[in-house]
Amino acid sequence: MTGAALIELHNVWVEYGDTVVLERVSLAIAAGSFVAVVGPSGAGKSTFLRLILGQEAPSRGHVRFAGAPMAATCGPDRGVVFQRYSVFPHLTVLGNVLFGLECAAAPLLGRLFGTARTAARDEARAMLDAVGLGHAQDRYPAQLSGGMQQRLALAQALVKHPRVLLLDEPFGALDPGIRGDMHDLVTRLWRDHGLTIVMVTHDIAEAFKLGTRVLAFDKRRHDPHAPQRYGATATYDVPLLRKPDGAKAAS
Amino acid sequence: MTRLITIRPGPRARVLAGALPIALLLIGYALAAALRHADNPADKVLPTLGAMGAAAWRMGTHVDPVSGQIALVADTLASVMRMGAGLALATLTALVLGLLLGVVPLARAVFGPVITLIAVIPPIAVLPILFIALGLGEAAKIALIAVGIAPYMTRDLAAYVAALPAEQVIKAQTLGANSWLVAIRVALPQMLPRLIETLRFSMGPAWVFLIAAEAIASDVGLGYRIFLVRRYLAMDIILPYVAWISLLAIGADALLRLISARAFPWAHGDAR
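First to last, the protein sequences are chains H and Y.
Sequence positions in the first sequence follow the numbering used here and run 877 to 1127.
Sequence positions in the second sequence follow the numbering used here and run 61 to 332.
Same shape as in the complex, but just chain Y (with noise of 0.2 Å):
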């Protein structure tokens, strides 16, 4: 008997499966917004797809001429430098102390509760601290995303490594490895490809950490723009800059799932 939990959609079927709930909310969405602008033609709060179309296109190539750039283009790279920033110092700290706390009992025993105290303090209630201590600039907001990011991912991969089997370490000691050897040929490697998740699931909240920064203080990034024109109830040019960002943001998963199933196969089960 056919049931529920034995239905596997083929591949085709799944790609259409999976389609169907977006393409209902864009044609939800698109009702809706002729619905509103049968009843007022100016309605702002639900622009059509149209107008969003016609406001992207205008940020995207309009060369605005006071600061001279075109501003989707300035927004998006401001953005994604402090993004990169600070993922590249959270991914650093946390390889660093996340290895050394995976490997060495005694260097967990040291760091690990300073590291959980800053783990439980939220981010954003640092952030006037961060603003007082660096400035307004791009220090900051970098210091935010690494801050807000860098405790759970050290964590997440101290208890990863610890949790490497015992007979691997006894094993290496066995075959004449010292204690760095250890941390470098066993620990580390096999940490990277967790490295790599932890950062994909890290990416969420790094993101929330810019946007609140750029909104706060800031001249340049999209975060700053959303909250710009929301003075003006442009939605015509907030939902354009949403889907930008998710876009951007499925992009860089993306990409580091490639590069994981690229750089180590072995952890991928499709070996080679």
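Just chain H, same shape as in the assembly (with noise of 0.2 Å):
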């Protein structure tokens, strides 16, 4: 564990009518950690995910984030990248890094000129650079492979700055070899931004292979009469020793 609690948990339900997908969640997610969720289908691995983005609010228990009540709304101090639909296919790749540059500093626009213009296209050009895109940052999306749309992803949400970032099984759809450039790709990002992330995936070894903690999500309690009346909650909780300075403790 590094760090302060930067996202709290306290006894957290998500329940739709009748149906309990989370139960009883309590946990904190250190500053600068990289945690990652497992579980089977259905155990509300991205419901997690939708709580701490804000998109999702619990109906019993609460959330917070950096000392503070989560607002169930999203915002700009969370980044997100999922498996699919995750840039914008109307923009070309400097463009969707540029997009929440222009939002931040033009509410009525959402466009940029001049100067401001400028700065702000050489801070996404180097965001580009840092993930790889440097040469293809006039291409729309469709013209890219699937890894490089991850990477642009990547890309759009870090030029933000985000307090932590949300992945969404991102590398799921990806071949493994274009899989484990990634997971390079993702490591060097945590580590030189100082991040905090939280991944959601469906690949064990991956979790284990980037984590700096591994939650699995499943039901404890199973009625199988009524399936849907007890919800997932974090079965296991495993911290690993790779740390963030570069110690390769856990190899």
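It is possible that some hints are incorrect.
Unchecked claim - Sample of chain H residues lacking proximity to chain Y, with all beta carbon distances greater than 10 Å (derived): (1) S962; (2) G976; (3) E978.
What the hints assert, rightly or not - FRET-style restraints, in silico, Cβ to Cβ: (4) H/P1052 / Y/M61: 53 to 63 Å; (5) H/Y1112 / Y/P173: 41 to 51 Å; (6) H/P916 / Y/W240: 37 to 47 Å; (7) Y/A79 / H/D1060: 30 to 40 Å.
Simulated from the structure, these hints should not be mistaken for lab results.
We put the CB at the ideal spot given by N, CA and C, even for glycine.
Take each chain as given, in its own frame, and dock them per the hints.
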């Protein structure tokens, strides 16, 4: 564990009518950690991520972000990369990264002009270089491979310097070779930018390779006559020895 | 083994294949016209291609001594102006309402049912209302085109925008976009190619409404002319006019496709 708790969940429940998705989730995520979330389909991994994203509010309990109660709305302090549809198809690679900078500086037009635009472009280009897309800045997402699109989605999120980066099966649609490259990239970005990352994945090997901590979500109790009545919770919470400072202890 | 579904004509073969039925239609028509004229040289139902060419030439060059205008030019200008105004009005309405309904669920809840209600009314049925309310001038004809196609276009665009991946909207919010910026920077640009597409699909109905309005109350226009000369059984004028309308429609469609491909390369797969 490094740093203070950035995200805290206290006895959080998520229920839709009769269906309990998450129950009694209490945990804290430290700043600077890389939390990998695994579990079978339907165990509430994505719901957990949406809670932290602010896309969804708990039906019971509360979520605190950086010490303050979490507002149930998505804000620029939390970046996200989804498995698909994370980038805007109508913007070039550079335009996709500029988007966040333009939104912050120009809430009415969403566009920058003059020196502000030049500065934003330089910042966006530096971010694209960091993810290895500097050569492709004028292309549209449809012209990029799946791996390049996910690199772009990472750059787009990181240019906002989010407090926490949420990854929802970000490499699930990539082939194994590209996935390895992306693991190296996301590890490097995590170290260089001092990020806090929460990543949902189906791939347990990936979870143990990348995380400083692995959370496994599953149902503790099961009622065969009413399977929806019990929700999932973090059944395993495994701290790993991997450290952000580059000491590869867990290898 | 070669199967029917695996035979793909090359580019040149496709042009030839496509031209064949058109050529057959023309030849068939010319034969039928020649046969009828052999029986009755004064036949008006199937004019010969030569007679139609002569009539088209007359309509397109002869200055009418009363109005001082060339009929074909005056008719085309009048119809194209009405069409343009009606399409522009419908496009603007559909753009604003489609964006609003697509992006804001609350607006969809409020305006969705009333737009559906308007969309199911046959536009020609309200033409008398338009004539009574707006008079017999240009306004009623333009309004008929707009009323006829705007509800369909609005619903199509609203559904398209609402179906944009939710991930994009979430992502935009995490990048600091407010509702307004999501609308104008995420939804609006992605909606524009669809706007052109839905406009293309609406052109057919728009022509129907234009010609209907012109046929009922007008003193110039392509539809007016066709219905006027019908009284004299002047097929030699009607058929060239119909062909001319088809050409205008094909040209407008090609123009819209070109604009979309040029302006939105990302939406057409072959970006830059």
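Going down the list of hints, with the structure as the test:
1. S962: 6 Å, violated
2. G976: 4 Å, violated
3. E978: At roughly 8 Å from the nearest Cβ of chain Y, H/E978 sits no farther out than 10 Å, so the non-interface label is violated.
4. H/P1052 / Y/M61: 53 to 63 Å: For H/P1052 and Y/M61 the Cβ distance comes to about 38 Å; the hint is violated.
5. H/Y1112 / Y/P173: 41 to 51 Å: Roughly 50 Å apart at Cβ, these two residues keep to the hinted range, so it holds.
6. H/P916 / Y/W240: 37 to 47 Å: Because 40 Å falls inside the window, the suggested range holds.
7. Y/A79 / H/D1060: 30 to 40 Å: Since the Cβ atoms of Y/A79 and H/D1060 sit about 58 Å apart, the hinted range of 30 to 40 Å is violated.
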